[in-house]
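Peer 1: Here are the chains, one letter per residue:
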Amino acid sequence: MARIGVFVCWCGSNIAGTVDVEKVREEAAKIPGVVSAVDYKYMCSDPGQNSLRNVIKEKNLTGVVLAACSPHMHENTFRKAAVKEGLNPYFVEIANIREQVSWVHEDKERATAKAVDLMKMMVEKVKRDRPIEDVRVPLNKKALVIGGGIAGIQAALDIANGGVEVILVEKEPSIGGRMIQLDETFPTLDCSSCIMTPKMVEANQHPNIKLYTYSEIEDVSGYIGNFKIKIRKKTKSVVEKDCTGCGECWNACPMHKNVKSEFNLNLSERTAIYVPFPQAVPLIPVLDRSVCLHYKKGGKCQKCLDACGPKCIDFSLQDEIIEETVGAIVASTGYDLMDTSMYGEYGYGKFKDVVSGLQFERLLSASGPTEGVIKRPSDGKTPQTIVFVQCVGSRDPEKGVPYCSKVCCMYTAKHAKLFAHKVHGSQSYVFYIDIRSTSKGYEEFVRGAMEQDGAVYLRGRVSKIYEDDGKLIVKGADTLSGNQVEIAADMVVLATGVLPKKGSDKLAQMLGISYDKYGFLTESHPKLRPAESSTAGIFLAGMAQGPRDIPESVVSGSAAASKILGLFSKSEYEVEGTIANVNEATCVACFYCQRVCAYSAISRKEIKDRSGKLIKVVANVNPGLCTGCGACVNACFSKSIDVKGFMDDQIYAEIKSLAV
Amino acid sequence: MEGKDVEKEKQEEGSELSAGNQSEPRLIAFVCNWCTYNGADLAGTSRMKYSDNVRVIKLPCTGRIDPLFIVEAFKKGAKGVLVSGCHPGDCHYTSGNYHSRRKYATFRDLLGYLGVDLNRVEFSWISASEGNKWVAVINEFTDKIKSLPAQTTDIFTKK
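So the sequence lines, in the order shown, correspond to chains A and E. The first sequence runs 40 to 699 under the working numbering. The second sequence runs 18 to 176 under the working numbering.
For the record, the hints were derived by calculation from the structure and aren't laboratory data. It cannot be assumed that every hint is accurate.
[To be verified] Listed next, with one range per pair, are the computed distances between beta-carbon atoms: (1) A:Asp-85 - E:Lys-161: 42 to 50 Å; (2) A:Gly-605 - E:Leu-85: 39 to 47 Å; (3) A:Ile-361 - E:Asp-126: 49 to 57 Å; (4) A:Glu-97 - E:Lys-161: 47 to 55 Å.
[As the list claims (entries may be wrong)] Lysine-lysine pairs mimicking DSS-like chemistry, simulated, CA-CA at most 30 Å apart: (5) E:Lys-120 - A:Lys-62; (6) A:Lys-683 - A:Lys-609; (7) E:Lys-120 - A:Lys-556; (8) E:Lys-163 - A:Lys-96; (9) E:Lys-150 - A:Lys-566.
Glycine is no exception: its CB is placed at the ideal position from the N, C-alpha and C atoms.
Throw the hints in and build the complete structure from the sequences for me.
Peer 2: Here is the structure:
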């Protein structure tokens, strides 16, 4: 016999102001099976919880209904209180009479009627609750970090320093990501490679970090605590353990023209066997087979092998597939720049001297194609006048993307500063929509670009850029003075919008995590769970989540790492027990449930008798993978699968209780 | 057994508080736990006001909503049924809302065949940040149901 207790909360006047709580209590007392009905000012307070515990104990309750605020507020509070009196936590149900009654309705009588209905629904539900035990999953205490940019490196280092083994996978030949492409960083103007390379080296040498560069994730299966990973380690055609990074091979390579350097964003050439940049980590070249003459000319060219001292180049090496098992994953796949050639008026891709912000970084960088001397791509002359155009592609729902790229205001101010520092007497103009400089020291930095380094900021858009006699004529509007502006510039730098890394959507699908319509990975909760993905055990970091700058990326990397270290501090992971459950007696093994399961949580199970003879095949739910969504329940023709906590009979009882 | 007893008593007793008259139709909303339920909560925390005819039944996901729940709701006298979950692409469980959408598209035809005025079933996407949309959907749906004839045409309702 059910012994239900109903507790009606006043929430001060929040509920009691609009709902007649005494009436709700009286109605509750009339329901068969309800042995106790009380109302109290604040059920969530300590005395409120104590009264709940006392009633559970005194009346020996088998179920509890709280008519109170949203279950998303205090369900856990009350479950914990119930557990202390030995009640199964899932025998606590909440009727949401605050967020969905008292705060949204004004007529007291009608609001009370609705509150009574919701309370009755939950009484019917709790009568049919079964005890649910949470599931414990063992943890493989090893982490995988996907993407070796600043966020990924930070995450890997933090996890490794916490004493946990890390596998760091990077698609490019070197770790370092976008940050190592930058020259100096705002707002302190410290050189990016000076602060980045020590971290890269540390990650490479850390005893707890296993680094796979030039590698991609091939397949992911499993679940929190037990992810099975396949990594494709693309062949570098170099025996890594023997290579000293001396550079004889790439100096000997005859393919030094026509292959654009990806790292320098097409501003220079690279050879077929190459390291992307001199400080690459690991300093091991990769052989690009798509352009190498050895493969194109049937094995004739082997100048790199001839030049190689330790003879570690091997043209016959093949891709390797490496399998690893990890307990947690960080996805920090970073970003790409938008292709802005669709803005015909800016002439990107048409005029050589119209470059993107990241290309300008390479022109500023001491390790870049011009060795830190700003030279314009068309004729190598040092520009005297540069026009910077902000928000190219970003904040443009028509042709680009509606969101703000967040870093452009700051790096444009930095570009203007560095240009003034490197080319004395030069002049920069910045066309902007708004200046967004909201972190520590940022506003002062932008002010400095204007006041100390003389950048002229013009609030308005550029309408047209065209070439005239070796100059780029920039026509635009200065909306603050109301004038049309025409500037003869030597170079134009576009603050190009950012996009999630190409292919990150594919990776997200492989990982089973969600991403937004642009492809940015979405966090489990935008405010309160910013480091977690929607899938347990998979965490997010860096620009893969959305536009952010270096400090924020570092923070997010550390956040993901601390989440993983926290997870690994326990011996087992506890999963909520509200998962699917198969009735093996009635299951007919049609596996429709398997087809609708988004988590591959359902597998075949063979039931055998003592002699090993097969009796029948049934569906089996993996508790580590099942999230309790219930899609399988409706796919089941024989009604053999149900989700604990949301069983069919409970929902029918709820509907019945609403009968009019 | 116990459930049945309860049911009997309930029906005998009736509920003088339940809004059962024709001008105040009972609406039942089946919503997912992650988007629409939170959207409805947000309407509350934002102190928005809306029609009080609706009763919300929370499920983990719209993918859990068995079409027979809708039939059951009509059988129990609901004058309108709303199904609402996360926007396409936003499902907490990746694809539950797609299953739901597909099921609903097919099931709608069957409901029509069973005599249900299809104005009485509504399907919508309401995210956790769309408290205002929840309010608008509930108000519009309530108004629509109130404008329909009180006598329903389906084969479930006791005439």
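Peer 1: Each of the hints needs a verdict: does it hold here or not?
Peer 2: Now the hints, each set against the structure:
{"no.": "1", "hint": "A:Asp-85 - E:Lys-161: 42 to 50 Å", "in the structure": "47 Å, holds"}
{"no.": "2", "hint": "A:Gly-605 - E:Leu-85: 39 to 47 Å", "in the structure": "43 Å, holds"}
{"no.": "3", "hint": "A:Ile-361 - E:Asp-126: 49 to 57 Å", "in the structure": "51 Å, holds"}
{"no.": "4", "hint": "A:Glu-97 - E:Lys-161: 47 to 55 Å", "in the structure": "49 Å, holds"}
{"no.": "5", "hint": "E:Lys-120 - A:Lys-62", "in the structure": "40 Å, violated"}
{"no.": "6", "hint": "A:Lys-683 - A:Lys-609", "in the structure": "26 Å, holds"}
{"no.": "7", "hint": "E:Lys-120 - A:Lys-556", "in the structure": "24 Å, holds"}
{"no.": "8", "hint": "E:Lys-163 - A:Lys-96", "in the structure": "47 Å, violated"}
{"no.": "9", "hint": "E:Lys-150 - A:Lys-566", "in the structure": "21 Å, holds"}
The earlier numbered hints that this structure contradicts are 5 and 8.
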